[in-house]
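*Asks:* Single-letter residue listing:
There are 2 protein chains.
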Amino acid sequence: MLIDKINQPADLKTLSANELNNLAEEIRLGIINRTSKIGGHVGSNLGLVECTIAMHFVFDSPKDKIVFDVSHQCYTHKILTGRKDGFFDEDKYSTISGYTTTAESEHDHFCVGHTSTSISLATGLCLGRDLLKENYNVIAVIGDGSLSGGEALEGLDFAGEYKNNLIIVANDNQMSISDNHGGIYKNLKLLRETNGKAEQNFFKDLGLEYKFVENGNDISSLINAFLQVKDTTCPTVVHICTQKGKGYMPAESDKERWHFHAPFNIETAEDSSQAPYGFVQYARDLLIERINSNDKITILCAGTPGAIGFFAEYREKVEGRFIDVGIAEEHAVALASGMAKAGTKPIFCVQSSFLQRCYDQLLQDLCLNNNPAVIIVYSSGIYPMRDATHMGVFDIAYTSSIPNLTYLCPTNASEFKDCLDFAINQNSSPVMIRLPMTKFVQGDSAIDFTKKSYQIVNSGSEVAFIGLGNHFEITKKSADLLLEKNGINATLINALYADFVDEKTLDELVQNHRYFVVVEDGILQGGFSQKVSAYLSKHGAKTLCYGYKKEFMDRFNLKEKLAENRISEDLIIEDLLSIISK
Amino acid sequence: MLIDKINQPADLKTLSANELNNLAEEIRLGIINRTSKIGGHVGSNLGLVECTIAMHFVFDSPKDKIVFDVSHQCYTHKILTGRKDGFFDEDKYSTISGYTTTAESEHDHFCVGHTSTSISLATGLCLGRDLLKENYNVIAVIGDGSLSGGEALEGLDFAGEYKNNLIIVANDNQMSISDNHGGIYKNLKLLRETNGKAEQNFFKDLGLEYKFVENGNDISSLINAFLQVKDTTCPTVVHICTQKGKGYMPAESDKERWHFHAPFNIETAEDSSQAPYGFVQYARDLLIERINSNDKITILCAGTPGAIGFFAEYREKVEGRFIDVGIAEEHAVALASGMAKAGTKPIFCVQSSFLQRCYDQLLQDLCLNNNPAVIIVYSSGIYPMRDATHMGVFDIAYTSSIPNLTYLCPTNASEFKDCLDFAINQNSSPVMIRLPMTKFVQGDSAIDFTKKSYQIVNSGSEVAFIGLGNHFEITKKSADLLLEKNGINATLINALYADFVDEKTLDELVQNHRYFVVVEDGILQGGFSQKVSAYLSKHGAKTLCYGYKKEFMDRFNLKEKLAENRISEDLIIEDLLSIISK
Numbered sequence: 055m056l057i058d059k060i061n062q063p064a065d066l067k068t069l070s071a072n073e074l075n076n077l078a079e080e081i082r083l084g085i086i087n088r089t090s091k092i093g094g095h096v097g098s099n100l101g102l103v104e105c106t107i108a109m110h111f112v113f114d115s116p117k118d119k120i121v122f123d124v125s126h127q128c129y130t131h132k133i134l135t136g137r138k139d140g141f142f143d144e145d146k147y148s149t150i151s152g153y154t155t156t157a158e159s160e161h162d163h164f165c166v167g168h169t170s171t172s173i174s175l176a177t178g179l180c181l182g183r184d185l186l187k188e189n190y191n192v193i194a195v196i197g198d199g200s201l202s203g204g205e206a207l208e209g210l211d212f213a214g215e216y217k218n219n220l221i222i223v224a225n226d227n228q229m230s231i232s233d234n235h236g237g238i239y240k241n242l243k244l245l246r247e248t249n250g251k252a253e254q255n256f257f258k259d260l261g262l263e264y265k266f267v268e269n270g271n272d273i274s275s276l277i278n279a280f281l282q283v284k285d286t287t288c289p290t291v292v293h294i295c296t297q298k299g300k301g302y303m304p305a306e307s308d309k310e311r312w313h314f315h316a317p318f319n320i321e322t323a324e325d326s327s328q329a330p331y332g333f334v335q336y337a338r339d340l341l342i343e344r345i346n347s348n349d350k351i352t353i354l355c356a357g358t359p360g361a362i363g364f365f366a367e368y369r370e371k372v373e374g375r376f377i378d379v380g381i382a383e384e385h386a387v388a389l390a391s392g393m394a395k396a397g398t399k400p401i402f403c404v405q406s407s408f409l410q411r412c413y414d415q416l417l418q419d420l421c422l423n424n425n426p427a428v429i430i431v432y433s434s435g436i437y438p439m440r441d442a443t444h445m446g447v448f449d450i451a452y453t454s455s456i457p458n459l460t461y462l463c464p465t466n467a468s469e470f471k472d473c474l475d476f477a478i479n480q481n482s483s484p485v486m487i488r489l490p491m492t493k494f495v496q497g498d499s500a501i502d503f504t505k506k507s508y509q510i511v512n513s514g515s516e517v518a519f520i521g522l523g524n525h526f527e528i529t530k531k532s533a534d535l536l537l538e539k540n541g542i543n544a545t546l547i548n549a550l551y552a553d554f555v556d557e558k559t560l561d562e563l564v565q566n567h568r569y570f571v572v573v574e575d576g577i578l579q580g581g582f583s584q585k586v587s588a589y590l591s592k593h594g595a596k597t598l599c600y601g602y603k604k605e606f607m608d609r610f611n612l613k614e615k616l617a618e619n620r621i622s623e624d625l626i627i628e629d630l631l632s633i634i635s636k
Numbered sequence: 055m056l057i058d059k060i061n062q063p064a065d066l067k068t069l070s071a072n073e074l075n076n077l078a079e080e081i082r083l084g085i086i087n088r089t090s091k092i093g094g095h096v097g098s099n100l101g102l103v104e105c106t107i108a109m110h111f112v113f114d115s116p117k118d119k120i121v122f123d124v125s126h127q128c129y130t131h132k133i134l135t136g137r138k139d140g141f142f143d144e145d146k147y148s149t150i151s152g153y154t155t156t157a158e159s160e161h162d163h164f165c166v167g168h169t170s171t172s173i174s175l176a177t178g179l180c181l182g183r184d185l186l187k188e189n190y191n192v193i194a195v196i197g198d199g200s201l202s203g204g205e206a207l208e209g210l211d212f213a214g215e216y217k218n219n220l221i222i223v224a225n226d227n228q229m230s231i232s233d234n235h236g237g238i239y240k241n242l243k244l245l246r247e248t249n250g251k252a253e254q255n256f257f258k259d260l261g262l263e264y265k266f267v268e269n270g271n272d273i274s275s276l277i278n279a280f281l282q283v284k285d286t287t288c289p290t291v292v293h294i295c296t297q298k299g300k301g302y303m304p305a306e307s308d309k310e311r312w313h314f315h316a317p318f319n320i321e322t323a324e325d326s327s328q329a330p331y332g333f334v335q336y337a338r339d340l341l342i343e344r345i346n347s348n349d350k351i352t353i354l355c356a357g358t359p360g361a362i363g364f365f366a367e368y369r370e371k372v373e374g375r376f377i378d379v380g381i382a383e384e385h386a387v388a389l390a391s392g393m394a395k396a397g398t399k400p401i402f403c404v405q406s407s408f409l410q411r412c413y414d415q416l417l418q419d420l421c422l423n424n425n426p427a428v429i430i431v432y433s434s435g436i437y438p439m440r441d442a443t444h445m446g447v448f449d450i451a452y453t454s455s456i457p458n459l460t461y462l463c464p465t466n467a468s469e470f471k472d473c474l475d476f477a478i479n480q481n482s483s484p485v486m487i488r489l490p491m492t493k494f495v496q497g498d499s500a501i502d503f504t505k506k507s508y509q510i511v512n513s514g515s516e517v518a519f520i521g522l523g524n525h526f527e528i529t530k531k532s533a534d535l536l537l538e539k540n541g542i543n544a545t546l547i548n549a550l551y552a553d554f555v556d557e558k559t560l561d562e563l564v565q566n567h568r569y570f571v572v573v574e575d576g577i578l579q580g581g582f583s584q585k586v587s588a589y590l591s592k593h594g595a596k597t598l599c600y601g602y603k604k605e606f607m608d609r610f611n612l613k614e615k616l617a618e619n620r621i622s623e624d625l626i627i628e629d630l631l632s633i634i635s636k
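Chains as they are written, first to last, in the numbering used here: chain S, 55 to 636; chain C, 55 to 636.
Rather than coming from a laboratory, the hints here were simulated on the basis of the structure.
Note that this is a predicted model, so its numbers are computed, not measured.
Hints are not guaranteed to be accurate.
One copy or two, either will do: identical chains are not told apart, so a pair holds if it fits within one copy or between any two.
Computed cross-link-like contacts, PhoX-like style, restricted to lysine-lysine with a CA-CA straight-line distance of at most 25 Å [to be verified]:
no.: 1; residue 1: 613; residue 2: 91
no.: 2; residue 1: 493; residue 2: 471
no.: 3; residue 1: 350; residue 2: 371
no.: 4; residue 1: 284; residue 2: 187
no.: 5; residue 1: 592; residue 2: 531
no.: 6; residue 1: 240; residue 2: 251
no.: 7; residue 1: 265; residue 2: 240
no.: 8; residue 1: 558; residue 2: 603
no.: 9; residue 1: 265; residue 2: 243
no.: 10; residue 1: 217; residue 2: 243
no.: 11; residue 1: 371; residue 2: 217
no.: 12; residue 1: 67; residue 2: 603
no.: 13; residue 1: 258; residue 2: 243
no.: 14; residue 1: 505; residue 2: 603
With the sequences and hints as input, model every part of the structure.
*Replies:* If you want it as structure tokens, here you go:
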């Protein structure tokens with residue numbers, strides 16, 4: 055195998071054209087094998103194999119610096135820069151992250167997982183290089199939908215006036231994660247159809263040089279193009295046309311479903327993850343029902359319909375009432391505000407980690423205007439994700455400070471339904487709902503939203519447990535354990551509202567409760583429990599707050615991470631008894 | 055006066071061309087008079103008088119909906135829609151806000167103060183209109199620098215695929231707040247020079263229709279253009295070329311300084327606000343010193359150099375080391391991360407309210423990568439601003455949850471200098487510094503940053519006062535008052551770190567202090583005091599937290615607002631004594 059000889063990019067440079075092509079096929083197998091076992095970004099990586107080989111053939115990494123946008127397409131880069139074991143040795147798959155990460159290699163310059171950042175980060179490297187009078191190439195690799203994000207567009211606009219070496223590889227695979235959306239993709243299409251020669255050229259408009267590579271899966275064309283732009287002293291876009299999923303038939307034919315894929319059987323292409331029915335599917339089916347019975351509802355999403363369960367066949371069921379704005383989260387929130395202002399009911403479905411891109415739009419465009427749009431937050435808390443870049447643990451904390459925003463955290467399907475119907479049927483303010491991310495539980499609820507209050511599940515005394523959202527279950531188990539161990543019949547509360555300190559309920563509780571335990575599935579600092587604790591503090595009640603310490607959690611063991619933060623019924627009761635006994 | 059007859063837009067429609075021109079001059083005087091007395095956006099509004107008259111002549115507001123970007127150029131709109139008293143009756147100047155606000159009029163569709171939001175908000179109205187099968191025009195008025203913001207570019211990209219009525223008036227006054235920055239402005243220049251005929255057309259390339267108006271201060275040309283696009287069923291950009299500051303000579307000749315201006319003498323154009331030397335000037339002079347002695351420093355700003363004291367003559371002093379990226383805050387943070395990664399020391403100077411646009415870039419691009427860039431936060435807290443859209447009261451709360459970020463809140467010039475030098479000289483993590491916003495105090499400090507800890511100003515017992523940043527002074531006065539009134543020698547602490555709970559210091563204090571008072575200049579929910587309170591709570595210490603309740607504060611009386619939140623030495627001591635006596 056050729057791959058056996060490749061331990062660093064320099065090893066590529068002695069290979070013949072034929073050998074490079076053969077190496078590409080070997081790499082492809084490594085990618086397919088790894089993703090079939092542990093899941094990953096199949097299509098994105100298969101499309102970029104040749105481009106990555108050509109980049110490392112032409113440029114001298116890490117002196118020349120390649121910055122991957124989103125970085126979910128960095129597998130070939132990792133294979134070529136000393137990390138092939140993560141793809142060719144099954145025992146070591148899990149030692150290598152699916153994203154660029156500075157801790158792994160000097161060839162990775164940034165930890166990246168969100169889209170549209172590469173041009174700005176790369177331009178930063180360029181300005182630093184210029185100031186220090188150093189000399190190297192900086193290459194930003196963007197595409198796969200990222201071009202429509204505001205940060206990328208700001209970066210392109212800035213690069214249009216920059217006057218030294220910067221190479222922007224625009225990987226045009228005719229796809230975002232799902233279909234492409236936005237006018238810029240019409241221009242890419244025109245450029246493809248004219249072999250890059252159309253006068254109408256978005257990149258040139260901004261002042262950038264432009265080069266077109268018709269076959270972005272042909273190594274020699276790519277090498278030729280990169281040699282032409284290497285060491286140039288002006289920013290250049292190299293527009294390469296690639297085939298997403300190339301080399302694995304199922305991924306070539308259903309590009310959306312194979313952008314990211316759970317573990318699968320290579321022969322049959324069947325999903326082998328055995329993922330059970332969960333809240334994402336429940337929410338999707340419920341949303342389809344609600345759309346069909348309410349003319350005013352539109353579902354909005356920002357480039358990730360699959361992540362919210364809306365693959366093509368489901369989008370078709372609500373024709374015209376599902377709008378994918380492409381990767382443009384800021385626009386999505388402002389759009390929702392406008393649609394609500396106009397008298398309709400937009401429901402923006404977004405992953406917690408990506409909602410971070412809209413703090414100001416939430417605050418100003420939506421909440422200052424108090425328009426009654428609905429936001430459903432997916433992939434929140436500690437359960438669904440393991441990469442630092444995608445952890446949904448910040449949303450409760452950073453939305454804490456936003457006036458007019460109701461943030462509901464239901465604990466089961468029935469409560470989610472109640473919350474959604476409340477959000478749809480009210481018109482007084484924006485409502486955000488955190489979709490549960492635990493194992494699917496149907497539940498049986500009938501929440502009375504006429505009074506905004508915590509839900510009292512059990513009335514006891516001495517100790518009150520207050521659980522929020524995904525961690526309500528652990529809170530409940532803690533109360534049960536306390537009863538079992540010490541005979542204390544504690545009060546148990548399902549807080550439901552992440553944004554709200556229920557002063558009335560707390561004032562009552564403080565009369566016959568000396569100890570409070572608050573548990574949330576998010577970062578402690580700035581979060582829900584600290585709000586409750588601060589309110590109780592003036593009464594001198596002792597409160598234990600449980601959430602995560604402020605850190606970036608990356609590729610952790612769930613059980614260990616929970617234990618580190620003392621989130622389990624055993625540890626909580628241990629802590630509680632130690633203060634009670636004092 | 056013609057203006058006497060204008061009480062609503064319909065009153066315009068009977069005026070002759072000549073009368074419309076005369077009306078424009080009357081309005082101009084109103085704008086100059088008002089801003090000369092209470093300050094405001096002089097240049098931006100003077101340039102848009104004719105366009106606004108033409109819009110209200112052609113369209114039927116509020117049925118047709120005009121959405122102003124940033125909305126600091128809405129004065130003529132307000133004058134024409136029933137609010138002329140705010141411009142022509144000196145006693146009523148303060149009754150009308152300088153921004154569009156839904157509470158004031160049905161002609162204002164959104165509360166807006168941040169840039170780059172209009173296209174997305176307007177498109178939201180369009181989609182809502184379409185869903186309800188209604189029929190009206192939606193007009194977004196953008197320009198004056200806003201086009202380079204990511205949200206605007208996302209909006210344009212989306213609009214390029216939209217298929218019904220949307221009119222985007224791009225006000226091209228050849229200026230941002232300061233000079234224009236970014237490649238898009240090169241294209242606008244080309245379009246101006248070719249009378250809109252150049253093949254290279256950024257808007258057309260995104261799929262938008264395009265119309266050029268050479269003289270955007272000529273009412274009849276504008277009316278003609280608007281009549282052509284009224285009721286059309288595709289999105290169209292109307293590119294109008296206007297003169298910023300038109301009609302007031304000083305504002306025409308120094309566009310940057312007159313974008314916004316403090317009260318001034320109309321005859322002499324002299325500033326009559328008598329603003330004293332403050333922290334902004336101090337920081338600017340210090341930054342210039344540091345740049346001159348350190349080759350690695352670059353100052354970054356995002357479109358607002360004047361707000362950080364760097365008018366043209368100061369930028370010239372640090373030639374090439376001051377980079378205005380234009381209105382593109384997300385790009386600025388990512389750029390800073392890249393520059394720091396490359397081994398240099400970028401210092402991004404940004405207003406608190408605008409930093410809100412970069413939560414995710416702070417979290418992911420900067421702090422996850424732990425690159426040692428410096429951010430200086432201006433216009434923070436309650437003192438500098440009075441408009442809901444510009445209040446800098448959220449930063450402590452929403453950055454609470456960001457790992458790796460040190461956020462320093464010095465209380466005087468000397469401490470600011472210590473903080474800045476620490477931030478410049480360390481290379482281990484990003485450091486953010488909140489520039490003090492109180493009356494200028496020189497101070498005399500020598501902070502020891504080798505140990506990260508709160509600063510103990512006075513050691514006492516029983517009660518500990520912990521003050522942060524701008525409100526340290528009130529905390530100190532409270533301690534003094536307590537001593538005076540009750541003879542209690544309280545401990546006084548200058549917290550310095552907004553991001554940090556100093557557990558060691560608190561553990562010591564809790565031994566001989568039963569009551570804690572924490573005061574910060576920001577929203578309470580998610581803020582600094584709640585973190586301290588939550589930590590103390592497990593010890594059963596009673597803590598009083600002072601900051602602002604979660605609300606949008608708009609055009610308030612400072613003293614009343616502080617009192618409402620019980621932030622004064624008298625009220626704090628009153629609260630404290632009431633719990634001590636319990």
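*Asks:* None of the hints should be skipped; say for each whether it holds.
*Replies:* For each hint, the structure was consulted:
| no. | hint | verdict |
| --- | --- | --- |
| 1 | 613 x 91 | within (22 Å within a copy, 64 Å between copies) |
| 2 | 493 x 471 | within (16 Å within a copy, 53 Å between copies) |
| 3 | 350 x 371 | within (16 Å within a copy, 57 Å between copies) |
| 4 | 284 x 187 | within (18 Å within a copy, 54 Å between copies) |
| 5 | 592 x 531 | between (28 Å within a copy, 21 Å between copies) |
| 6 | 240 x 251 | both (15 Å within a copy, 21 Å between copies) |
| 7 | 265 x 240 | both (18 Å within a copy, 20 Å between copies) |
| 8 | 558 x 603 | between (29 Å within a copy, 17 Å between copies) |
| 9 | 265 x 243 | both (15 Å within a copy, 24 Å between copies) |
| 10 | 217 x 243 | between (28 Å within a copy, 19 Å between copies) |
| 11 | 371 x 217 | between (50 Å within a copy, 22 Å between copies) |
| 12 | 67 x 603 | neither (46 Å within a copy, 63 Å between copies) |
| 13 | 258 x 243 | both (15 Å within a copy, 14 Å between copies) |
| 14 | 505 x 603 | between (33 Å within a copy, 21 Å between copies) |
Violated hint: 12 only; the structure is consistent with all others.
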